Each structure stands twice: as C-alpha cells, then as structure tokens.
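These protein sequence lines map, in sequence, to chains H and Y. Its first residue numbered 9, the first sequence is counted upward by one per residue in the numbering used here. Its first residue numbered 92, the second sequence is counted upward by one per residue in the numbering used here.
In case anyone wonders, no lab produced these hints; they're calculated from the structure. This structure is a prediction, so every number in the text was calculated from the model and none was measured. Don't be surprised by glycine CBs; every beta carbon is placed ideally from N, CA and C. Heads up, a few of these hints could be off.
As the list claims (entries may be wrong) - The list that follows gives simulated cross-link-like pairs (lysine to aspartate or glutamate, DMTMM-like), each with its CA atoms no further than 25 Å apart: (1) K109/Y <-> D218/H; (2) K109/Y <-> E89/H; (3) K41/H <-> D218/H; (4) K22/H <-> E115/Y; (5) K377/Y <-> D344/Y; (6) K109/Y <-> D216/H; (7) K124/H <-> D279/H; (8) K213/H <-> D104/Y; (9) K261/H <-> E358/H; (10) K109/Y <-> E206/H; (11) K107/H <-> D104/Y; (12) K41/H <-> E115/Y; (13) K109/Y <-> D114/H; (14) K446/H <-> D138/H; (15) K41/H <-> E347/H; (16) K124/H <-> E347/H; (17) K124/H <-> D154/H; (18) K41/H <-> E93/H; (19) K213/H <-> E161/H; (20) K261/H <-> D237/H; (21) K107/H <-> D216/H; (22) K383/H <-> E347/H; (23) K109/Y <-> E93/H; (24) K383/H <-> D237/H; (25) K213/H <-> E115/Y; (26) K124/H <-> E346/H; (27) K124/H <-> E343/H; (28) K41/H <-> E292/H; (29) K41/H <-> D216/H; (30) K41/H <-> D104/Y; (31) K107/H <-> E115/Y.
Said to hold, decoys possible - With the C-beta cut set under 8 Å, the calculated list includes, among others, these residues of chain Y facing chain H: (32) D104; (33) A106; (34) P107; (35) Y112; (36) R113; (37) E115; (38) R116; (39) L119; (40) R120.
The lines below spell out each chain.
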Amino acid sequence: MSDLYQTQRAMRNKRQAAIQRGVIAVLDVGSAKIACFVLRFDGPERFRDAEGIGSMAGQSAFRVIGAATTRSRGVRFGEIETMHETERAIRTAVQAAQKMANVRVDHVIACFSGAKPRSYGVTGSVDLQDGQVSENCVARALASCDLPDYGGEREVLHAQPVNFAVDHRSGLGDPRGQAGNALSTDLHMLTVDRTPIENLLYCIKRCDLDVAGIASSAYAAGISSLVEDEQELGAACIDLGGGSTGISIFIKKHMIYADTVRMGGDHVTSDISQGLQVPMPTAERIKTFYGGVVATGMDDREMIDLSSDTGDWEHDRRTVSRAEVIGVMRPRMEEILEEVRVRLDAAGFEHLPSQRIVLTGGASQLPGLDGLATKILGQQVRLGRPLRVQGLPQSVTGPSFAAAVGTCLFAAHPQDEWWDFDVPVDSYPARSLKRAVKWFKDNW
Amino acid sequence: MRAVRRSPTLKRDPAPSKWAYRAERLWLRPGFRRLVRTGAPLGLAVAAGIWYFGDPARQQAIADWMVEARASIETRPEFMVKVMAVDGASDILDGHIREVMPVELPVSSFDLDLEAMRSQVESLDAVERVDLRVRAGGVLQVTVEERVPAIIWRGPDGLELLDDMGHRVAQIAVRSERPDLPIIAGEGANTAVPEALALLEAAEPIGGRVQGLVRISELRWDLVMDRGQRIMLPQNGAGPALDRVIALNEAQDLLARDIARVDIRNGDRPTVRLTEDALENMRLLKGIEIKGNTDE
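If we strip away everything but chain H, and leave its shape as in the complex, we get:
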C-alpha cells in the first residue's frame, strides 16, 4: 500500500512537472480505438494567483494542440492482450498527435477501462488533539481508514475522500480549519487488477513516455459527460465502449461507485458477424450504417446487400433486411443494459436523490438506444457528449471520446486523492520526544 502511495505521489509530481513544462499527453487506451491528445497548458488560468477551482473548472488552463486516433490493436475488454501490438498502436497515436502538435511530449496521462474495477467505501476517523482540523489531521484521518482485504493481486487506482465529518456535522467538502473533537472521512477506493495496469505501464514505458497519472475511463467519462448539476445531485454515467461498458456514479461532485460490464460494441459487431455470416469489417459497417435497436415496419422492406467475393454466387448475393440486423443487435444491447441495471442496483443507485443516467461512449450513438435504455434503466436517461474543450478538433468531439476528454480534465484539475496529502507525521516524533523526556527523567 505504501509502495503504491509512493508511485502515485511520484506520478503526481511528474504531472506537476509536465504542467510546468506546459505540454502533456492524454492517452485513452480503449478496445476499439486508441486516442491521444496533446495538451498545452498556456491559458490564462495557469497564471491565476488565487487558489481553488478557476473558471470553467480549470479547463481554460489548457488547449488541445494535437489529437490523433488509431484503430486499437491487441486490446480486449479494455485490457492489453498483445503487448507489442498495443505498443505499436500507442506509438502510432502518439506520433500522429505529436506531429499535429509539432511538439514533443514526454509525459502522458493514461486511462483504460478494463481490469475489473471494484469500488470500496471505507471510513476512517481520528481524534483532533488541538480542537481544529489541520491538513495533517486530514492526512491522519485518511491514513486511519481501515482497508478492506481487496486481494493481493490488485492495486488501488483511485482513493478519493468523498465526505468529511467533524463531530456530527457531516457532508463537509473541505474540513480544514473547522473546530471539533473528531474528524471522520469517507473514502471511495477503486481497486483494479494489477496485471493489466502493469502491462499498460510497460507499454507506455516502451514508447519512451513517462506516466504522469492513470485514471479509470469510467471515471473520466463521468467527469466529462455529466454536467455540473448531475454530478452534484447524483447521476450515473454509462460509457458504452468497444470492449467494455463503464459505469460510474457521481454525487456531490464525487465519484462514489465505478464498475465495468465486460461487454460492449465489439460484441454487437461479432454477433452480427456470426448471425449474418459476414466478415467483421462488413459487420462493423452494417452496424454503423444500418444498426438500430427498434425495428419498424419500414425496416422489413429495407434490404441490405451482403455482397462478398467468395466466388460462390449464392453466398455472394445474399441480402438481409434491416429488421433482421436489428433483431441481432437488440438482444445484445438489452443484455448489456440489463447487466448495467444489475450493477446499478447492487450499488444502490435507486437511493440517490436524482437518478439521472447518461449514456455516452461510441456504442451510445446507436439509433434508438435511449428509448431502449429508458425501458431498462429508468426514465431519466439522456445521451451525453463530452464537454467541449478548447482546441479540440470537430472530429473528436463525439461521445466516443468521452473518456479521453475526461482524462484531459483529470490532467488539468485532478480531484484530491489520498496521496495528495502528506504522509501523516503522527506517532513517531511524539514518541521520540517522550523517550527523550523519559531518558532525562531517568538520568537526572
């Protein structure tokens, strides 16, 4: 745990150094595509004197000067499967983005969706000795959280304090300076499998890049697609990606739950491919051009030509109606959404004051998906697109880039995490002082 604490602290320092240098890259390693943005930190926000969140949540501090996307290779379910393929894909994306930005980037903040994230809510409390909450008290309170046994092969990806309570006053965002006798904190901890993270870090390192931070893409999609009041009142962001579907629940501007359903748009494509006996690229084209989840009478008459060139005339002249395609796609989308429903129920989403659900990610562009989602997830469903950030090319403003844009925001203004607080200087100095006093008493 302290090992990871040090790693994360080192990443934070690198992020600081990169922002000081003014250029940082953001890498979204997804199952369908790998996106790389190059951010330049030269906006007016950067030189602002005042502390705290600036205008537009600190996004005016940076500008996207390079953006590149490449087809992902060797990634399944958001986890790297073939290291060299993925390394090459990352290299392609980074090089293209660098070329567009015409600047070399050395630091990268990555986000990925796989590795079976699991959320834990942990609490810790500490007595306040001097009757006032100081920064050190916060650190001690965070350190005092009793950690669940999340397994040896897992790592903590995010550990964000979501709530502070001084005595019996709960719901404090920033408890520093408050008077009281006891400080307790709620920490949301997201753990992931260690191996995929190590693979990702290794791939990025092989590209001569320094990792300045890692984020869960479910979290990143949430901070970019949920608008401020949704984040405040409670909402879930469903990031329908290629290989996996990320779920993140926000309330009071904090993520309180994140999970992944290991199904996504690629499964729909493979269903079409299997069901209609067509190659995957054709299936992908059929899905993007004629896909849908609600069949109408018109769709029965709309025939799709499945031409191929195997040489077999019968095989090459097949046609399929759009209704059939929809009939293949809809069960899979229903399955994904049902699974999401299960996860949301498990997280206790129905207890939130507002139950807004935002669909984003590449698969959310499927026509009629919001109607289907309304039936499964509840009435308050909307389709979300990521926040518009400065300098982002029009071609990468779609919902597919929610996680990448969210990582930009994460890079510009990360939420406080456990490792942002200093190591608590608690018992050791006091004890040594006591020992010194005792030594004096004994000897004089």
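With chain H fixed as given, assemble chain Y onto it according to the hints.
Chain Y alone, transformed into the frame defined by chain H:
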C-alpha cells in the same frame, strides 16, 4: 435494396517502427532541430572552408588572384588619370608645379596620394593655396592660388619678391623686372613687411620721392628718399611719426629743403640734419667760423 459499400482497402494506419518513432521524437526536440538545421550546415561549411584554405599553395593562388584582380580594376581606363590641368598659375609656376608633382602620368587614381601631392605643391613658395581633385575624364585638376608679390626685399641672397605677409614668392635678378613694386632692404626686413606696406601707404603724399625702406638693426625703419634724404622712424609708432613729418613737410616744405636726415626717433625732439653745403651756408649767413675743425 441497399448495399454495404465495402471499403476496398482498410484505412492504412501503419505503426511507426521503434526507431522511426524515436527519430521523430528526437527531431521534435527544438535544440536538436536547431543543431541539425543551423549547426550542422554551419559546421560543415566551416570545416570545408578550413580544409580548402588550409593549403598554402591555394592561399598563395588566392592572394595572387586578388592582387591581379585589384590591379586589373585599378588599371581600367575609367580610373586612369591621364592629364593634369593646372588652373590659376602663371606659366613659370605651372612649370614648377609639373616639375615637383611626384607622379608620372598616366597613373591610376587609386595610386594617387592627393594629400601628399598637395603638401608637395604647397611647399612651393609661390603657391598660397592649392586644390587637387580628380575630375571626370581622367583629369587631375590642380587649382592654384598664387601668392601675389607685394614688395621687393633686397636681402642677403639678392632681390626677392615677398607677398604682403612677408612670405617669399620668387627671386628676381634686377630691380627693373618689377618696377611697380616698392623695395625694402636690411636684415630682418622680411619679418615686418605689413608694417613696411603700411608706412609706404602713409608716405603716399611724398610717394614720388620715396625710394624704399631700410630696416635698421631689425628694429625700426628708415624711409629712404632721393637726394640722399632719410626719415628715421621710431621703433614704436612709426606711422604717426611719419604722418607728423609729412604734416611738417606740407606746412613748411621741410623735405624740399637741403637736409640730409629727419630724425623723429624721439617724438619729443624731432631733429633734422643739414647737408654739408647747407651747414656751411648757414654758418656763413650767421657769421660763425669754427676754428680747428680740421675734418670739415
């Protein structure tokens, strides 16, 4: 029926090789780029230059070539000075100037040292001021302002013409070469020419009889007149003293009388010396007889 328009080729998105990627990243370093774009060509050029010009034979060849090129430019007809034109000089002076001019025409105008030539020409006594310039058409224009002789000085080296400031202009053999000029004599007379000229101008009323001025002991002037008459002027205030004598002459016709000297060196006590005959006549008139005066 609608067709799935199959894309004949997938969009090519080849991954760069590791070395291509590294090279690209290296190229994106501003320092490296500057090094390659400016440093390397510069270094290459300098190295090539050092190698090329390091050979002594080549250096010699280049030096020779430069000298030759310079010479060929200097000897172009546009830069040659072929004729010398002397303005404002008498024929004799013209000859002198052409004699002392230290260049052989035709010569390139790059080789002319006009300042040295000017000082050379100005060292001639008869030249007061000279302007030298190379005029268009290859003409060396020498504009001379000659000294105007104002007076003749009979000095230790014979008769010399002096200008109004006492500077030597030329030498003459006989007085009759310049009968229009007054004459002065005596050692050091040439140093007081302005005073002499002023005195001669003041002596204009008796100008017909004035023969010249003689400098005595390099201090004062004697105005010499015909019939052996002299007016001895003081060292200071010679002009007013001469005016007094002239006034006396106009009033009493002093100089027409038979006197040898008018001594006005002491302004309080002007004195006249009579000639021998006049003295005897006066003695006869007064009935004075001087005995024992054996010299008379």
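Outcome of the hint check:
Note on K109/Y and D218/H: the hinted pairing holds, with a Cα-Cα distance of about 16 Å set against a maximum of 25 Å. For the hint linking K109/Y to E89/H, the alpha-carbon distance of about 20 Å falls within 25 Å, and the restraint holds. With a CA separation close to 21 Å, the supplied pair K41/H and D218/H stays within the 25 Å bound. About 23 Å separates the Cα atoms of K22/H and E115/Y, which keeps this hinted pair within 25 Å; it holds.
Using a Cα cut-off of 25 Å, the hinted pair K377/Y and D344/Y holds, with the two alpha carbons roughly 22 Å apart. For the proposed pair K109/Y and D216/H, the alpha carbon gap of about 10 Å is at most 25 Å, so the pair holds. For the hint pairing K124/H with D279/H, the CA-to-CA distance comes to about 23 Å; that is within 25 Å, so the pair holds. With a C-alpha separation of about 22 Å, the suggested pair K213/H and D104/Y falls inside the 25 Å cut-off, and the hint holds.
Our distance criterion of 25 Å between C-alpha atoms is met by K261/H and E358/H, whose separation comes to about 18 Å. Distance restraint check for K109/Y and E206/H: the Cα-Cα separation of roughly 21 Å lies within the 25 Å cut-off, and the hinted pair is therefore satisfied. Straight-line distance between C-alpha atoms of K107/H and D104/Y comes to about 14 Å, which keeps the hinted pair within the 25 Å bound. With a C-alpha separation of about 22 Å, the suggested pairing of K41/H with E115/Y holds against the 25 Å cut-off.
Distance check on the hinted pair: K109/Y and D114/H sit about 16 Å apart at the alpha-carbon level, within 25 Å; holds. This hinted pair checks out: K446/H and D138/H have alpha carbons roughly 23 Å apart, not beyond 25 Å. Among the hinted pairs, K41/H with E347/H is consistent with the structure: their alpha-carbon atoms are about 23 Å apart, no more than 25 Å. Between K124/H and E347/H the CA atoms are separated by roughly 14 Å; this keeps the pair inside 25 Å, and the hint holds.
At most 25 Å may separate the alpha-carbon atoms for a hinted pair to count; K124/H and D154/H meet this at roughly 22 Å. Only pairs whose Cα atoms come within 25 Å are accepted, and K41/H paired with E93/H is accepted, the gap being roughly 13 Å. Using a Cα cut-off of 25 Å, the hinted pair K213/H and E161/H holds, with the two alpha carbons roughly 21 Å apart. Distance check on the hinted pair: K261/H and D237/H sit about 9 Å apart at the alpha-carbon level, within 25 Å; holds.
Our distance criterion of 25 Å between C-alpha atoms is met by K107/H and D216/H, whose separation comes to about 16 Å. In summary, the hint linking K383/H to E347/H is supported, as the alpha carbons are separated by about 14 Å, within the 25 Å threshold. Proposed proximity of K109/Y and E93/H is supported: the alpha carbons are some 12 Å apart, at most 25 Å. A hinted pair counts as satisfied when its Cα atoms are at most 25 Å apart, and K383/H with D237/H qualifies at roughly 24 Å.
Restraint check for K213/H and E115/Y: satisfied, since their Cα atoms lie roughly 17 Å apart, inside the 25 Å limit. Between K124/H and E346/H, the direct Cα distance comes to roughly 18 Å. Compliance with the 25 Å bound is thereby established for this hinted pair. Annotation: proposed proximity of K124/H to E343/H holds, straight-line Cα distance about 18 Å (limit 25 Å). Distance hint between K41/H and E292/H is fulfilled; the C-alpha atoms sit about 14 Å from each other, no more than 25 Å.
A C-alpha spacing of about 21 Å is found between K41/H and D216/H, which places the hinted pair at or below 25 Å, so the restraint holds. Distance hint between K41/H and D104/Y is fulfilled; the C-alpha atoms sit about 12 Å from each other, no more than 25 Å. Restraint check: the Cα-Cα separation between K107/H and E115/Y comes to about 9 Å, which is no more than 25 Å; the hinted pair holds. A distance limit of 8 Å between C-beta atoms decides the matter here; for D104/Y the minimum to chain H is near 5 Å, and the interface restraint holds.
Annotation: interface hint on A106/Y holds; nearest CB of chain H at approximately 4 Å, less than 8 Å. The closest approach between the C-beta of P107/Y and any C-beta of chain H is roughly 5 Å, which is under the 8 Å cut-off, so the hint is satisfied. Proximity of Y112/Y to chain H holds as hinted, the smallest CB-CB distance being about 5 Å (cut-off 8 Å). Below 8 Å, beta-carbon pairs count as interface contacts, and R113/Y has one with chain H at about 7 Å; its hint therefore holds.
For E115/Y, the interface hint holds, the least distance from its beta-carbon to any beta-carbon of chain H being 6 Å, beneath 8 Å. Residue-level restraint check for R116/Y holds (minimum Cβ-Cβ distance to chain H is 5 Å; threshold 8 Å). The beta carbon of L119/Y comes within 4 Å of a beta carbon in chain H, closer than 8 Å, and the hint placing it at the interface holds. Because the beta carbon of R120/Y sits about 6 Å from the nearest beta carbon in chain H, less than 8 Å, this interface hint is met.
Going down the numbered hints, you'll see the structure goes against none, and every one checks out.
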